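Participant: Keeping the supplied structure of chain A fixed, place chain B with the ligand upon it in accordance with the hints.
Those protein sequences? They're chains A and B, same order as listed. Each residue of the first sequence is one higher than the one before, counting from 1 in this note's numbering. Each residue of the second sequence is one higher than the one before, counting from 1 in this note's numbering.
Keep in mind that the hints were calculated from the coordinates and are not lab data. Computed from a predicted structure; not experimentally measured. No incorrect hints appear here.
Here are the simulated DSS-like pairs of lysine-lysine, each with C-alpha atoms no more than 27 Å apart in a straight line: (1) Lys-558/B to Lys-512/B; (2) Lys-208/A to Lys-58/A; (3) Lys-171/A to Lys-392/B; (4) Lys-64/A to Lys-208/A; (5) Lys-512/B to Lys-171/A; (6) Lys-463/B to Lys-558/B.
Covered stretches of chain B, as calculated for chain A (at least 3 residues, CB under 8 Å): (7) 94 to 106; (8) 242 to 253.
Ideal placement from N, C-alpha and C gives every residue a C-beta, glycine not left out.
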Amino acid sequence: MSASTPSVESVQAPDPVLDALEAEAIHVFREAAGAFRRPVMLYSIGKDSSVLLHLAVKAFAPSKVPFPVLHIDTTWKFREMIAFRDRVAAELGLDLRVHTNPDGVAEGVTPFTHGTHEYTRIMKTVALRQALDAGAYDAAFGGARRDEERSRAKERVFSLREPGHRWEPRKQRPEFWRTANTQLSEGQTMRVFPMSNWTELDVWRYVKQEQIEVVPLYFAKPRPVVDRDGQLIMIDDDRYPLRDGETPEMRNVRFRTLGCYPLTAAVESTADTMDDLLAEMLVDRRSERSGRLIDGEGGGSMESKKTEGYF
Amino acid sequence: MTTTTDFSTDDAALVALAEHPIVRVVACGSVDDGKSTLIGRLLAETDSVPDDILDYARNTRRSGSTIPQGEIDYSMLTDGLEAEHEQGITIDVAYRHLYLPSGRRAIIADAPGHEQYTRNMSVAASTADIAILLVDAARGIRAQTHRHLTVCALMGVRTVIVAINKMDAVDFSHVAFEGFAGDIRSAAARFDLDDVVVIPVSALTGDNVIERSERMSWFHGPTVLEALTAWRPSQIEDHAAAPFRLPVQYVVRADDFRGYAGTVVSGTVRPGDKVVVNARGATTTVDRVLIDGVDVESARADQAVVLTLQTETDLTRGDLVVAPGEGLAEEHFPRPATAFAVDLVWTGEEELRHGRSYLLLAGSLAVPAVVTAIRNRRDVVSGEEMAARTLKMNDIGLVEIATDTAVPLDPYSLNRDTGGFLLVERVSRDTVAAGLVRHALRRAHNVTPHAFSVDRTARATLKNQRPKVLWLTGLPGAGKSTIADALERTLHGLGMHTYVLDGDGVRTGLNKDLGFTPEDRAENVRRVAETAKLMLDAGLIVVVSLVSPFRGDRRAAKALFDEGDFIEAWVDTPADVVVARDPKGLYAKAKAGTLPNMTGVGQGYEPPENADVVLDGDGEVETSVDQLLRALDVSR
Ligand SMILES: Nc1nc2c(ncn2[C@@H]2O[C@H](COP(=O)(O)OP(=O)(O)O)[C@@H](O)[C@H]2O)c(=O)[nH]1
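Chain A extracted, bound-state conformation (with noise of 0.2 Å):
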């Protein structure tokens, strides 16, 4: 095999690659926000969300955001990445808007008693829904890439949901050079992905790149973890259920995707740079949603939470 990945070494701004990638963001941001009468930006405090905002801020400076940002907040998120969301977001001057689902905190949901299809249903697909038509966005941009996963290769750039945000594989518009067909029919809205045609790769020599803060839990530190089922989780509070036997042990880890704690899966790593983290994922060229315990169910499952109106 050639070795053509590009190197830690070939990491130097401006890369001409990430340029265009920028550029064409910035493009489809401009292009929603001129389009849509009530777009808002989906930020779910990972590492795509803070090169999305990165991206937000370019694309209309020197002006703000032109648009609110919203989290939907499922309350199992880890602490650091709330307390990294309201510092960003004061920093910023961002319009943010956090929503949870208060049937399902009613209700008690979590991921152990009402499994993890159920919960994640209930809490972000659910909630997501709510938050959308409360504030009646008619777009919403995600930090959504081609490359995350085999069934998204398809994924359009403004992809078109149906009323209650059904997604339509037959309804999906044809996308020609730059021109967006952002015209909605009665109840439709749009999903926007301006970071389409970024890889994995491509976020984090941009994080480098452009200096972008990201939460600390992308780096290994000694974190409290057990082992469950061959996938480590770290217990980031006292709501986790152990089980008979099972404390929390300090080891040496990092999160290659972050999101519900008790839904994330951790690696050993040494990586506690941004240099190192890069030179770690030449080397284990495993897909970023290996250690997203939702999708685990193959290739396909993803594309049927999409109809349902998962991201």
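Facilitator: Just chain B with the ligand, lined up with the frame of chain A:
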């Protein structure tokens, strides 16, 4: 055909990387030609796929696959939707990344092989610099090969890498290859391509994909990867050298700042450059060029910028900033026009309707447009032009369109972004066609309405009346139609020439393509106002009975008329009376939620602030008629 591809790797490669860091590729071929296998191999051998996906391709098999478990089935790497698994074919365009050894990125648009998917193929080709076209050596060149060449050439792809695949199945025969290569070259000669590279490969065994094949040492050309890596833009594709174009996407406002945000789609721009907005009117000067809020000395094609202009010019989204025409060839200056000859790729489920109003979208520009003539349909296999009365999904044809207002569009051959457009169906909002401008037919400055000798005064004198437009606005059920009817009866009885333009009436004919969204309501009002204007010109007293809920729309309607020709009358009926009347059962439906845009329920009604006449819709009809007669200066 000239060969512009240079296969050496040197400093030129670095320059190419800086200027064109991303190269876009469309991959096409018939089902089973080996496209998935070829792409999969390219991805895997450039380390462009994660390990767990590779494992999947080692362990998962489609039924009928003969590749042993544990070996990589390259065709499984590019698998996608569940539906596709079931059908075993690709049904949509998928985009994948290839890390080229030069540091460049290739984005491969994987277009479906099935022949009815011309539409997806054209999407994939619309942004492509290069096409990889597969030919199965065992089956030879077929109709599909011609179809793909036609679509790629039409969509502006100028470099084609033809992979004659499955050479292992023909014993790597040099003679067989030369036969195919000759056929392909003569097929390609029909089109305006810069470069056609024909390569004998075996996607299955890897020969000439990444590394040179020892079994085909008679071939001295590049491998597929080498050909991709060596690509340089031809002069026509070199957007940096072309005249400047910037479609305005968004107006950025901050304290003391008003800038125009957009992506440079061709040429370069510097502070101090002269520019013309919409290729019309006076020249103005670029003041500042900003990227990321920071001033830069210049910006080139594909960069996302913000411009400020020296003179106070009010640009809006959809405007096009261009280099002035002086010193440029006529076709390099997009003088606004209202009619164009265009190629259409029909993508809609419903066929093209001659004379129907669609929405034309080009970049951020949106304008109503009508197809006025269908000149021909093209047979994509033979290239033959045939007479046609309509276009159906996956058809390609040459048509004439007319736009409502003059718009600056370039020839597609000059620029894909400013010469390509979408047609959108007004009710479903689906994209029904992609259009490629050949040339403008009628420049706006050539059309001045002919001055006819019999004019409005002459017509009105003959009818012995003063033509006027009386515009009745109010909630559904307010009593507009009842009042209009009573008024017309009275006028008619007095020997006057009248016409009632009724909201429901026009929606079954003139405006039946329109829905009830605010945009469509605006268009509804606009058309009715224009029609009323023609009738006024014909000498009639026109009574318009239309909900027309939005102030802005009514203001726009009034603006079409001279002072005194237009009377706005508000039929003011209390909401509870209207809901109780509900003559068409509309309020009941709206309350039940089946009529989302119902005025007064789902959408607001904006009452006139300075109506010329206010009528009590809950009072006597004859009182209202009297009020209106007075406004018309007519006595009983
Ligand atoms: N003999 C031979 N078979 C090939 C070659 N490339 C692909 N195939 C086979 O042709 C069939 C179709 O390949 P696939 O890549 O799925 O074709 P697609 O439909 O064009 O994507 C599979 O059985 C492949 O193994 C080749 O170079 N030589």
